[in-house]
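Student: The lines below spell out each chain.
Protein chains: 2
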Amino acid sequence: MFGKKKVKPLKIGLVGLGKIAVDQHIPSIRANPALELVAGCSPNARPEGVTAYDSLEEMLAAHPEIEAVAICTPPQIRHKIARQVIAAGKHVFLEKPPAATLGEAEAIADLARAKGVTVLASWHSRYAPAVETTRQWIAGRKIKSIHVVWKENVRQWHPGQKWIFEAGGMGVFDPGINSLSILTRIVPEKVIVKKADLHIPVNCEAPIQVEMDMATESGVAIRADYDFLQTGIQTWSIFVESEKGEKLELSMGGTGLAIDGKEIMKEKEAEYPGLYAHFEKLVRAGQSDADFSPLRIVADAMLLGKRIDAPEYIE
Amino acid sequence: MFGKKKVKPLKIGLVGLGKIAVDQHIPSIRANPALELVAGCSPNARPEGVTAYDSLEEMLAAHPEIEAVAICTPPQIRHKIARQVIAAGKHVFLEKPPAATLGEAEAIADLARAKGVTVLASWHSRYAPAVETTRQWIAGRKIKSIHVVWKENVRQWHPGQKWIFEAGGMGVFDPGINSLSILTRIVPEKVIVKKADLHIPVNCEAPIQVEMDMATESGVAIRADYDFLQTGIQTWSIFVESEKGEKLELSMGGTGLAIDGKEIMKEKEAEYPGLYAHFEKLVRAGQSDADFSPLRIVADAMLLGKRIDAPEYIE
Numbered sequence: 008m009f010g011k012k013k014v015k016p017l018k019i020g021l022v023g024l025g026k027i028a029v030d031q032h033i034p035s036i037r038a039n040p041a042l043e044l045v046a047g048c049s050p051n052a053r054p055e056g057v058t059a060y061d062s063l064e065e066m067l068a069a070h071p072e073i074e075a076v077a078i079c080t081p082p083q084i085r086h087k088i089a090r091q092v093i094a095a096g097k098h099v100f101l102e103k104p105p106a107a108t109l110g111e112a113e114a115i116a117d118l119a120r121a122k123g124v125t126v127l128a129s130w131h132s133r134y135a136p137a138v139e140t141t142r143q144w145i146a147g148r149k150i151k152s153i154h155v156v157w158k159e160n161v162r163q164w165h166p167g168q169k170w171i172f173e174a175g176g177m178g179v180f181d182p183g184i185n186s187l188s189i190l191t192r193i194v195p196e197k198v199i200v201k202k203a204d205l206h207i208p209v210n211c212e213a214p215i216q217v218e219m220d221m222a223t224e225s226g227v228a229i230r231a232d233y234d235f236l237q238t239g240i241q242t243w244s245i246f247v248e249s250e251k252g253e254k255l256e257l258s259m260g261g262t263g264l265a266i267d268g269k270e271i272m273k274e275k276e277a278e279y280p281g282l283y284a285h286f287e288k289l290v291r292a293g294q295s296d297a298d299f300s301p302l303r304i305v306a307d308a309m310l311l312g313k314r315i316d317a318p319e320y321i322e
Numbered sequence: 008m009f010g011k012k013k014v015k016p017l018k019i020g021l022v023g024l025g026k027i028a029v030d031q032h033i034p035s036i037r038a039n040p041a042l043e044l045v046a047g048c049s050p051n052a053r054p055e056g057v058t059a060y061d062s063l064e065e066m067l068a069a070h071p072e073i074e075a076v077a078i079c080t081p082p083q084i085r086h087k088i089a090r091q092v093i094a095a096g097k098h099v100f101l102e103k104p105p106a107a108t109l110g111e112a113e114a115i116a117d118l119a120r121a122k123g124v125t126v127l128a129s130w131h132s133r134y135a136p137a138v139e140t141t142r143q144w145i146a147g148r149k150i151k152s153i154h155v156v157w158k159e160n161v162r163q164w165h166p167g168q169k170w171i172f173e174a175g176g177m178g179v180f181d182p183g184i185n186s187l188s189i190l191t192r193i194v195p196e197k198v199i200v201k202k203a204d205l206h207i208p209v210n211c212e213a214p215i216q217v218e219m220d221m222a223t224e225s226g227v228a229i230r231a232d233y234d235f236l237q238t239g240i241q242t243w244s245i246f247v248e249s250e251k252g253e254k255l256e257l258s259m260g261g262t263g264l265a266i267d268g269k270e271i272m273k274e275k276e277a278e279y280p281g282l283y284a285h286f287e288k289l290v291r292a293g294q295s296d297a298d299f300s301p302l303r304i305v306a307d308a309m310l311l312g313k314r315i316d317a318p319e320y321i322e
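Those protein sequences? They're chains L and A, same order as listed.
Quick note on this note's numbering: the first sequence kicks off at 8 and runs consecutively.
Quick note on this note's numbering: the second sequence kicks off at 8 and runs consecutively.
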């Protein structure tokens, strides 16, 4: 071969082989020639065509060639697993939210820095097709206000997921944090929580509905309405109004875009390929992307928020 | 004069002239020859001997020579005031907690960095006399466990302070954050919240009692017991046990120290002079000290904690 030397694909192992791994991670890795899925591990799941092990230790022992590990487990155990992965000198891809607490997330970033490996705190919604166009639209204007409306039916989208309503499960912030990951990407300044009403069912620990007032550092008002009991039309939209009265709607979680009522974009959801391309670039460049601001906003809302009793939640 | 050139004292203005300003800030500034109290401002308080104005704007307009401003207001308005102070190019001393949320605190630090002024997120308990000795004792040992016991009678120490039990008031974390500021100073690693039981009176918004499990990054167990209804003996202690079985007790909020049952130190409380000496050094060196980890621990506890109904609180 006399042409350009081909870079060897980055060898990846997966921890957690549940729904998100099967639906998103495995096909995205396989579709990217710069990546190679070596193996996965899970105490129980055995998706077809994946060399699978019972534990991280077994996977790494059998495949020392693994260079990077994507952690797709529930957030509660991500810190522990990330510690082991980093100690083994592997790069880390963290599903969202990066950890159960800000302290854990910061500890992971510190460890990765000390060990010289890449960490990506991934926020898949940032890779929705209309997010970058929205970011540029905002960058070119004086913004008057932003309104986040994220309303879905928990009974339809999260059946049987009791952990969401347990302490630390975040409730409606579990989907809501996706909107916050977009918000903190499209707004050039820091986003600060000013007030939050947290409606918590009397038999639950986490909010089912939230109204939140935020503001940018320079004072642009941001309102957010989260509802986990939305029947009928489901809404995952961010409305932006400029000082001149121009209006943008980022809809369907970032796949749709309309400006002044005119549809600009309506794409299929495809976030993980972009996310993995970003991860590969970070690893090649020896860099990290560890922005925890969406999790920080949720923690601040829980710190500051007013708790209001809501009716019992029954699935 | 042919001797060493005397440095001119740092000219300070105070925002907020309430109890903490009168009891601690004003005497500590006056006792330090490297500092000069120029003026203060408050919408109502007029402490004797202090040139006072109704507002920050008036104070700064009358005294452009002010170089640094100490903010002793309630935390809810610190972010707004700090913005104005930094915009005027003055250094900032923030009372604890530095702001109402982590987002506000980080925004203040960002602004100070951009403007090239010093910011001190002050944690007065870190300047208690026995804290440094405790830090060194821990640094020289393998630690087995740490137990924080912070129990006081809210009716005695915070009479009429209804805001403490309102949303964002932090409840028993208002004094408890002092123990966390010591903990994060004496422990060389990051402190991570693992579990928290938050007992919230049915007529209040913030916890009156908290049991919390934390751990250091490398796994040392840290337990904390906070109680705001402690009658009889009040306790502000941190117990440390080494792997060899040696025992240290930092007591009375950091003024007392006993090792293996033997009293080593029993001093009078005098934290603010050390805090102001630290601030003056930071300003002279062009540095900042913006460690928000105690506030981050409280936010993580509120994010992760299990809420438990406690009996009505009646003052």
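Among the clues, some could well be false.
The list makes no distinction among identical chains, and a pair is therefore deemed to hold if it is satisfied within one copy or across any two copies.
As the list claims (entries may be wrong) - Distance condition first, Cα-Cα at most 25 angstroms in a straight line; then the derived DSS-like pairs of lysine-lysine: (1) K169 with K151; (2) K201 with K169; (3) K151 with K26; (4) K313 with K201; (5) K197 with K103; (6) K87 with K149; (7) K122 with K149; (8) K201 with K87; (9) K169 with K313; (10) K15 with K269; (11) K87 with K273; (12) K275 with K122.
It should be emphasised that the hints constitute simulated quantities derived from the structure, not laboratory data.
Predicted model, so just to flag it, every value in this text is computed and none were measured.
Student: To test your reading of the hints: which numbers does this structure violate?
Tutor: 1, 3, 10, 11, 12
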